[in-house]
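So the sequences go chain by chain: A and B. Following the working numbering, the numbering of the first sequence begins with 685 at its first residue and continues without gaps. Following the working numbering, the numbering of the second sequence begins with 312 at its first residue and continues without gaps.
Take the hints with a grain of salt, since some may be wrong.
Claimed, not checked - Distance ranges between label pairs, derived from CB positions:
#1 LEU1278/A x SER411/B: 50 to 56 Å
#2 VAL1387/A x ALA469/B: 53 to 59 Å
#3 VAL1387/A x GLU456/B: 56 to 62 Å
#4 GLU552/B x ALA861/A: 52 to 58 Å
#5 ARG515/B x ALA1122/A: 39 to 45 Å
#6 SER1369/A x ALA373/B: 21 to 27 Å
#7 LEU1396/A x ILE314/B: 20 to 26 Å
#8 ARG515/B x LEU1278/A: 55 to 61 Å
#9 ALA373/B x LYS1354/A: 37 to 43 Å
#10 GLY330/B x THR1341/A: 58 to 64 Å
Stated by the list, open to error - Using 27 Å as the maximum straight-line C-alpha spacing, the simulated BS3-like pairs for lysine-lysine come out as follows:
#11 LYS978/A x LYS1359/A
#12 LYS978/A x LYS1354/A
#13 LYS375/B x LYS1282/A
#14 LYS978/A x LYS533/B
#15 LYS978/A x LYS376/B
Because the hints were derived from the structure by calculation, they are not lab data. Keep in mind it's a predicted model, so treat the numbers as computed, not measured. Just so you know, even glycine gets a beta-carbon here, dropped at the ideal spot from N, CA and C.
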Amino acid sequence: MNAAPGLIELTIDGQKVSVPAGTTVFDAARMNGIRIPTLCHQQNENPVGVCRVCVVDVGARVFTASCIRPAEPGMVVTTNSERVESARRTLVELLMSDHPSPCARQQHSGDCELETLAKDAGITQSRYPRRTPRASDDSSPAIAVAHDACILCDRCIRGCNDIRGNFVLSRMGKGAAADIAFDGNLPMGESTCVSCGECMVSCPTGALTNKFVVGTALGREHEGAPATVEELLALPVFQNVSGTFLELNRNAVVKRHYRRGEIVCREGDFGSTAFYILEGTVSVSISTPIAHVKTAGGERGFFSKLGSFLVGRDGDEREEEVDRRTIPIDAPVDLDYSHPVAELGPGDLFGEMTCMNFYPRSATVRAESDCTMLEMLRNVLDSMLKNKTFRARMDATYRQRALEDHLRRVPLFATLDQAFIDQLRERVELIRYAPGQAICRQGDPADSFYLVRLGFVKVSERHAGGELVLAYLSRGDYFGEIGLLGGGARTATCTALDHAEVVRIPGEEFRAMVERFPAVRSGLEAIARERQDANRQRVAMLGSVPLESFLAQGLMEAQSLLVLDLERCTRCDQCVRACADAHDGVTRLVREGLRFDKYLVATSCRQCRDPLCMVGCPVGSIRRRNSLEVIIEDWCIGCGLCAQNCPYGNINLHPFTVQADDPDAPGRKKAMVRKKATSCDLCTSQAEPSCVYACPHDAAHRVEPREFFAPLLGISAARKEAE
Amino acid sequence: MRIDSTHRAWLVASAVILGVSAVLYAIYRVPASAGSMGGTAMGLAFGILGFAFMIFAGLLGARKKVPVWRVGRAQMWMRGHLWLGLLSLPLILFHAGFHSGGPLTAVLMWLLVIVVVSGLFGAILQHYLPTVMTREAPLETIYEEMEHVNAQLRQEAAELVEGAGARTAEDEEGVTIAVEEQAAPLQRFFAEELRPYLENSAARRGPLADASLAERSFAQLKRLLPPELHDTVDDLEDICEEHRQLARQARLHRWLHGWLLVHIPLSLALLLLGAVHAAIALRY
């Protein structure tokens, strides 16, 4: 009998079968109802043939692992002969020799695949000695790791990398010392694991098991109880989510009830959960005064003492901030600058960035009526966000409520007419990216314009010497215009720094926009030119600075440094006192830091070209002007993340006592301490920074580093001019 | 403050004032037999100018108390302090006609000499010592933080020694006792030499207080230990070096600022008694 085209014929256990060419022996058997036991192989993963339990006899010199052996025409396969069974039994017995029986899974649910196989084979005790016991890892709040029970089948590794694309798990060590490892070899809880549970679901033994997370990750400060799987599956947002997954994570989502007036979360608090409103409405607001810190003399004259005070945009309008109308928060709406309060209702999700990226809460949420909401951990939120129905609803909400604000927040787009915005509303695409995932790559054809909706995006260029970071973009920033306007390829690679979401405007829409609105085109072209010039300068600088330590200390990244000439400085600390005096006792300068030659680079804002302080701000209130000077916007909530992120410790939190809404008594005000982030402002109201002015030894100087250090770096005047 | 070419203008101005004053003194000087120079118009002028310079010099302390007041850059005040303060001595000598006079004026004269000499001593120290400190204590920290940093170094060293024993014991399972014995010289060295040295911030004697002797001690220790522990010894040597540098910084810091304990109180006494002298002289 000839096989049909594309099919091959073979014999398995005396049964003639016909399967498509390329099918493995294992699948050929499975498709024809013949069961071959296995441990390392499951249908949704690529086979690797490491456990060898699926060995079969194909008439060759040695037995073969059926999961990776392609079926061949005329092949005769035996899956259940005495010799095959004996070999398989020995393999299981060897695996059992290292396996703590009963393992956690066997104890909990009685379905450890290895122990089931052993039981079927009648193995109660292994004849082989057990190797040295291996450690357990209890660091993750969601998943317990027992390396002893691991049989190195790699199912978890393939689940993590191939199925979920998280690339956290790998193997470490060789031979008897081999183990699975998280991010190289970190404890699971300290790794970048997102607790998606794929490894746990994939594991055939008790090496990776679910932990009860409620009480450890979800606080009990509010009334609530873990939501049951049935309750969750009944909600439209959880339709199509795996019931097994919800069962395994049944304590990672809690149904909470809030009475009217109760606070759900406060701005600046650190958290790890998101909220989905089932019933009722909440108000979202910022209670920190919408103002920035200004330092100036209280009275005019020689003897005026400097003071720091809070002042809003009306009282002190700063460069490049007049067009900003809204405050970005971690919710589907933005807050209005002049009245930072918004309302959310059933079906709204908030706290997404806190949950996914552990950023501080961006606003205070208070129940406006009796509310019911689901508070969830990252693994549950992640599964929700992957639900197409839910995504579609979220996207529609965004298009309806925030897209226009986001577009209009870009000053260039303020002139777009409503009809065009409405047209764009339906054509843009919202795309999510995982940390480290490339949004577009240098050299790729430019086909879209992007607006950052959530998270942070790193823009970098490849050079012979490595990667050069050009910028970090946050919510409301945009990229992709240079390639589109140039009509060619991407000039830089843009990568999501965290769980980021961007609004993609297709190239044709972008082109229609710039054709219809010439002002937008000319504005974008000017900005593109500015960005390209700045990039060229940075690349030129990279090539022109020869000193390794200059680079290693990040001095090239600085555009203004406070340096102390250590051969003049008597360590009298007058500079620090002056700084503290100028800023209400809160110094923005510490007389310590790295040294370069005979200079101490004091701990004071360097106005870096690569401002890491801006990554993660939950309300996007730290940015820089075109002059690169760091500016902290009025809606800073004083969470301190920028201060933590600054690699040089140059951002401080300045406390102010203000009259603010009493969270415990709505409608009443009470004196509270609120903090605002501050960095060195160069005492801009004065002719010279106070630290420099007060140095009695002519040791303190504010300098442009490349110019100041040019003689040390060997940069000639001609070269500087050329740059 | 470093005295360098940026002081040229002050130097020239001071030299001119001194020269003019010396010429005037030579012209108007009063022989000892004819009475006191201070009582003449020229002597009084020298006294007023000298005392004014002293007051200006003394105002530097007040200027430092209000660092953000825009009343001239602090370095201008410091230069004035140095040069005018120095000039006050010859001016007062011209005022006194190089005589000590009564008990009060004798005390004043001695105070002035001590203040000026201590100031000169301080100026010399502040000219040279910052360079010495920069060169010899590259790991310097803020003076007030020194004790805290030293405590951290002690803790770090103790953890390193403790960890070294544990690490080798784990690596060489089965021969634990032998390895512990191998690590014993390290523990003994730590207990008997390193820890006492790290606990005494002011220690200036002993093998670890001297860089070359310390290097020899650590090299010798390495010979007694298996190669796996050499990294730990290197780390301990680094800790020892940092501690030594901090001790050096502390000593230099005391020199840099210690002289002020003499200079400032005596300056205040000088100004006070100078004012009393002026009041008495003008009144009577």
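Hint by hint, here is what the structure shows:
1. LEU1278/A x SER411/B: 50 to 56 Å: Once the Cβ atoms are compared, 54 Å apart, the range 50 to 56 Å for SER411/B and LEU1278/A holds.
2. VAL1387/A x ALA469/B: 53 to 59 Å: violated, 42 Å
3. VAL1387/A x GLU456/B: 56 to 62 Å: violated, 26 Å
4. GLU552/B x ALA861/A: 52 to 58 Å: Distance hint for GLU552/B, ALA861/A is violated at roughly 37 Å.
5. ARG515/B x ALA1122/A: 39 to 45 Å: violated, 59 Å
6. SER1369/A x ALA373/B: 21 to 27 Å: For ALA373/B against SER1369/A, whose Cβ atoms are near 24 Å apart, the range 21 to 27 Å holds.
7. LEU1396/A x ILE314/B: 20 to 26 Å: holds, 24 Å
8. ARG515/B x LEU1278/A: 55 to 61 Å: violated, 29 Å
9. ALA373/B x LYS1354/A: 37 to 43 Å: holds, 41 Å
10. GLY330/B x THR1341/A: 58 to 64 Å: holds, 60 Å
11. LYS978/A x LYS1359/A: Distance ~13 Å between LYS978/A and LYS1359/A Cα, so the pair holds.
12. LYS978/A x LYS1354/A: Holds - the C-alpha atoms of LYS1354/A and LYS978/A are around 23 Å apart, at most 27 Å.
13. LYS375/B x LYS1282/A: holds, 25 Å
14. LYS978/A x LYS533/B: violated, 58 Å
15. LYS978/A x LYS376/B: Holds. LYS978/A to LYS376/B sits at ~23 Å (cutoff 27 Å).
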